[in-house]
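Asks: Listed below are the residues making up each chain.
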Amino acid sequence: MGEGRPDVLQGTLDLMVLKTLESMGPLHGYGIARRIEQISEQALRLNQGTIYPALLRLCQRGWIRAEWGTSENGRRARFYSLTRAGKGQIEEETENWERVAATMARFLVKSE
Amino acid sequence: MSWLRMLMSRWAAMFRGGALDREMDEELRAHLAMAAEDYRRRGMNEEEAQQAATRDFGGVTQVRETVRLGRGVPFFENLRRDVGYALRQMRTSPGFAAVTVLTLALGIGAAAAMFTVVDHVLLQPVPYRDAGQLVQIREMNASGQEAWPLPWLDIAQWRQQTRSFQEIGFASGMNGRSFLEGHGTAVEVGGEEVSANFFPMLGVEPMLGRGFLQETPSVGPNRNSGTIVLSYAVWKQALGGDRNILGKTVRINDQPWTVVGVMPPGFRYPANTYGVAQVWTPVELGKSDEARGNDANNYFVLGRLRPGVSVQAAQAEMAVLQKGIGQEWPDADLRSVHSRVELEGYAETLVDKDVRKALLALLAAAGVLWLIASLNVTNLLLARGTARQREMAMRRALGASRWRIVRQMMVEGLVLSAVSGALGIGLAAASVKMLGHEISQSLPLPVPARPDAWILLALVGLTAASALVSTAWPAVVSARGPLEPALKQGGLQTGQSREHHRARGALVAAEIAMSLTLLMGCGLLLRTIYSLEHVPLGFRTDHIVVASLEIPAYRYTNRNLTADLYEPMLERVQHLHGVESAGLMTEVPLGHTFRMQIMMRMKGRSVVAMMKAATPGIEQVFDFPMAAGRFFRAEDTPDAPAAVVVNEAFARAYSPDKHNPAAILGTKLMGTERGAKPAAYSQVVGVLQDVHQTGIASPSTPEIEVSLAQTTPDSTFYNVLDEIAMDLAVRTREPASVVIPEIRDVLRQANPELATARITTMDEVVADSYGSQRLAAHLLEIFGGAALLLCVAGLYGLLAYVVNQRTRELGVRIALGAPRASVLWLVMRQAGGMLLAGVALGSGLALASGRLARGFLYGVKPHDGWTLAAAAALLLLSGTVAAYLPAQRAASIDPMKAIREE
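First to last, the protein sequences are chains A and B.
This note's numbering applies: residue 1 is where the first sequence begins, and numbers increase by one.
This note's numbering applies: residue 1 is where the second sequence begins, and numbers increase by one.
Extracted from the complex, chain B is given alone in its bound form (with noise of 0.2 Å):
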């Protein structure tokens, strides 16, 4: 273990460098005193003692850099003396310094940036143990789509005939909205219903209380009923973190629920909510879920994989059981729509696969930039190697070893790049915060605030890598070169010279292709913005203020929402001044607020629509052409024949005469009334024109409008229809600013919950519906915008230099009898060979990452070339300018100085 001890005391003494030097001089100072002073006893003099004993002793200066050299761990000793050094040369040269580290920043912090925001939709754990192992499980038709309701009965089988999973639970969301009576005020909450087994199959413990009571799940009421588990944040904010909270009441929407659980803080289902405190009570099976069919009650099943058992295996195993599971169903119909299974891992629906796409390639944009930006600086470096070439000369000369010249050149990379990072981390904390907004209308995140374990590592790989890449090659290359002709006085190495030009000029040429690709990326995303901005809408969205309500439904219990709540506020609205219409409908256009799917039986067959339910006043609001028929009037109360209206995509999905939308006028669609006979079913009275409902590049889907005034608290509707949402939809020749307070004052009035509701414009509601497209085409913009400008930094710096290299070499010219013109050509032709190098490999690149993008564009094609020829252009025009003033340098020379100059 000596070896261990000798490590050891090298590390302590590194530290105590000064005074052991100083207790060494005083060692060596006996030595001698004590030789000279034996010398002197044997009949010397002074003088001669003293040098017999020097002589005796050996160069003193070596024994001590011996010693020394020793005593220490030389690697961290040289290390502090390379960094010590690339400190100085950093404020010996400022300006370069500056442009270096800004440059790597720019590179670093873009990186960063975009890394943040892939870490956080993409790599967050979810919150759950081994969350690897859990599985959602849903049931599709023959073509793949989901079907609905996924019962109890079929969950019931499963969980009885499986064998791959050890744990199968299931969860609803609650309907409507929920309220939390807290201290003070009532606070929304958001509410699943779980099985009993669901926070266990999580794997996560309450950190009050014991949760739910484990038992078997049946039809009726059950150990659980009436209990409630909550959140943390909940219990925090909303009940003031009460210790003794097990065992008391709570009330929701006047409801009264006991505590039996709080969950640690952090934790949350479904693992995709954020921004709404939670509260979970237990699933009640009832009447409907005691048989198979459209109205058995809908459940979200999540499973967790016996350890070993790979989702593959499930799935095939799942699909066999529901072969079997299928044929229970009762009719045809209803057996292929739940004939097959899919197995999804739980982290994997978290995100949409298009979006995860996207961010991938967003990344890899960023990284593009991060790698021109340390190319140039990598250029600037090999520039800056040549100044410093005689100083590097004159080190080797004194006999530092090639090693020790490229690692000291290693360490001042990395001490720039550490500033950078540095720099970097700012930067991309500032534009994440700036593109908040954007963000968040795009994915389902709150724009994150702290940086992670993951977001840190890939700084300080990023940051390494940046010093690798810009100095490994400048490095080499001054450790390489010849001795001599650098030692020598005005040398202009010429071999060398022109190896580190082509070589820089390579480098060049490189950061022009991949701008180029960025910058057609950047195109073809403003071309599909611009597709999209342009796409006939089918509907008018100027001076349309959007007012989307979250309804406390539980306030009208035992009262009509449609004349308690929705009509009163709308007469009062049309009152306002310069309101030309109004109207209530359940979700605008292209809104994101909430959606119904409705599936029936209709002259036999099966029917899936979207359903709303609207006012007469939507009609003038919106301008919606009618293809066929009217829209909902006045006269629609409910004592008057129900009224549905549907659009032309229904009308050719499910119409008699697929090509005349008139023909299914008249049409006795469904009963909305309960327990209605056919004879009271409501008609269609109307076909809308098709809009885009739901995107604005997605077709339209067959909708199903229904009137708000006939549908009551009897109507089998209301719950969805009338008690969760609903958008107010208001024509005002007032600018919105002016209106919108006016809005909130009306809804303040008609109940004070509806105060803090969001309140925005129909065009706003529409740029939002492609957002995601909007914020990467800005992000595009910015890395695109920043590749140019280093590019053109780096074209114009390379050509500044050939031609400060060449000044007398191109004065002679002149001098000669040159034209001046033919030195401007010359200097021009180089920047072009860069450039058109540049552009025919971009072009290569771009066409070829332009698949990536495929599923992101619209209007447009990938392979564009008209936007290709556009990116082109602008790059070869900013290089022809930035170009041109060396060059005018060049022309301009005056021989005379040039030649008698160095």
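Next up, chain A with everything else stripped away, as it sits in the complex (with noise of 0.2 Å):
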């Protein structure tokens, strides 16, 4: 854990986390993680705690902020929102996707 993982994991874990917020709206780092696993259908099995790395560095670029709040069951926990600069970079970020996702399947159909 931590610095030195492929830049890909990364990318893809942020946009993971923009988009939940997205369809989510403000949730707290464990509502985020459980998210993601469902989303994934437990295909990914992250460990929970590699979320907080990545929410510093979105909230560091300014795509979310982060607020104290109470959580459902009355507890005091952290939530994230997503700003206007993050919504924007969803889009972005999408599209980047797609141009790899469709560069890679122009491979792998090539070498069959």
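Since no wrong hints were added, every one of them can be taken at face value.
Residues from chain A shown here face chain B by an in silico Cβ test under 10 Å; the list is partial: (1) Gly29; (2) Arg34; (3) Glu37; (4) Leu46; (5) Gln48; (6) Thr50; (7) Ile51; (8) Tyr52; (9) Pro53; (10) Leu56; (11) Gln60; (12) Arg61; (13) Trp68; (14) Asn73; (15) Ala77; (16) Arg78.
Please keep in mind that the hints were generated in silico from the structure rather than gathered at the bench.
All values reported here derive from a predicted model rather than from experimental measurement.
Note that beta-carbon positions come from the ideal geometry of N, C-alpha and C, so glycine has one too.
Got two chains here, each in a separate frame; can you build the complex from them with the hints?
Replies: Written out as structure tokens, the structure reads:
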């Protein structure tokens, strides 16, 4: 864990977090991690802790913001929400991904 | 711009470390709690739920670390940690820290002190706009001697014809002393007459008022007549900073002047005047400016180059112009005297070339001392590095990178250097103050008080460089060595030891070499001083008290100074108790108060000579030997034939028979009365033997002396010789401390303004005349001594360390039967190797750099073998003594204990 991980993984996690927040609205760290697990239908078995460095990065870049609030069970937790810059970023990142996926697809077809 | 945002949030996070940590902990705890709750809802018990939650999370500590790393600026956080560690290290071994800090402080302080002096003399900016464009223009004869006078007519033609200069201004000093009447007392001021365009040419505007009106200079009264511009100091101190001063009248030497301007604080012209408040009046071109001749007024000419024109280009143009201008002089002699021009940047003219060279040489010497100090510290750190090898090895085993180790050692070095630098500033300031008197004798400056940007920059640079030089090597060595042997208990890293060893030995040898150079320089200067002190001067200097008087001549207008001031004063002094003889002289030999040069025609030849007035008593005071004829006597009154005395140099140059000084006796030299006929010209009545008048190392120059008694207000030289300065020389049996107050009383009675005259002994005057060599010798004594000390300490330290490391080995040797003497010899031989290598290298260095000092030496050559041998012997002796102690310790090792110990 930590620095030195391939950027692809970092980038994908960031995008997943952003998309999660887009669809779910403000959510705390645990909630985001659970949601990602659910969506990927358990295909991604990340250690939940890896989400925090990602959240820090996104905060530093100004794409999400953090606020202390109360969870469903009345527990004090930190809630993250998308900023306007973050929303714009989702579009850009999605385009990137689709481009990469398309290129990869061409590769895979060719090798057949 | 998200990276900018990133940077900003990182910066902010650095300062909130603690709070952010707590928040993160809370957040992570909340996460785990929520996860555990979910599991419990699914049916696990408390314990299982928590375990499951923790497992899902992954490593909490690692997450925390990662977030922390991503949060701040790692560079600065590491730096902070390293500095803290370095400070702790210093506290745990205070002795080592103290030695290192003191050594470095010595080096930094010396270099900083020297640099302060150099900065104030050489680097101080001249307080005018674009001073680099200001150039002094002088006329020269064919052999490069300055021509005099430089008349207005030449200046006018330059102004008209030149294309290299955008402005040419001219100035001349006010004759005599000037006293301005301020609130209360009379204050002495320095006065300069300047052309109307002078201040605009310098690029400085008055703070108050408009200054002089701009107009083309011409002969006769101009629009600025009677006006005056004051300096800030005069305005503030003597006139109380009166805001309404413009248009008011001030009196200088009883003459009224109307104030038209006050210059801003810090402005001065000439640029190298300090300590005297200044005033400026306009140049009035008069009858004596209408022709070219020896009677014309002399001016100092400064020009501002057109932008883009170089000094060389301007020089070339002016040289061509001067050919034509020189032809305008009335006779062939004068034409050749004024045939050339020389241009020199104004800033360069302010410092004597020799002084500049000497200062730079001294700066180099200080730099050498600094280098020695830094190398010494390197040595110390290398030694320490070996002791800390285990610590470093463990750090590396735990994951620190080599770069990290190096970086940490460099930070330690920086911290040490920073402390040393702070101490060094203190040392520098103290030493500059202590040497203040000597410095102000040799350099035309007051002692600098506040540091300026250059000095601070130099200090910071020195400190950083010290750190770098001292720690680079030890750091690299620490980081490089193999890991395993260092970690083993009791391991003696033999391979590395030898490398270390040779390195340290080389450092000590280098230190010795550099010390030898410094010591050699010191020795050469000491010999120079010795030679200077023993030059036979040609006159006595013992038991003579000299008072240098600045004459307030304006109080004696329409009176005869000789009769009203000088003779009564002399009379009273001669009656003081213990006075054997007393006399007055324009300037005593080797005094630096006032000098007058005269150029005249004698039998159709041009004569250049120094001129002085003297009373008969001077002969007894100084015991001047006469080569021929007689000195002045009481019979030389204004009614008697005018008498002059010349010296041998004059006789050699201008006498009909060069080898017989007596041949010039009886020659009618010149008219001293205004409008005197040749029949009444002064006659040469005596020839003085040559003495060193201007400097101990300078040869005698031609000199003419006139009798003070015969210099009446009708004499042409009265203004110059009588009204400006006079030295009173008194031969007395009493000690100086008794006589000086009595003389001061006499002076005060004669005229209150003389009470502040400088009174000293002739011995001091002589000593001050080679003050710059003395100062340099003192400085080199200090540098050389410090260098010697550092070397000796370095040598001792290294040998002590070596003996320590090899205790076991040496113990074994002794146990196996080696005689103790051989062990002693072993250690001494090591020392000897370093000493000899150092001395050999140093000799080469000293001889090579000796050439730099050539101009400064007297009576000894820069490659003098005796001095070198003496310096080398001193080093070798000290080194041997330093080596003896560890050698002795080695020889007295108890083999049993040594083998048993680790």
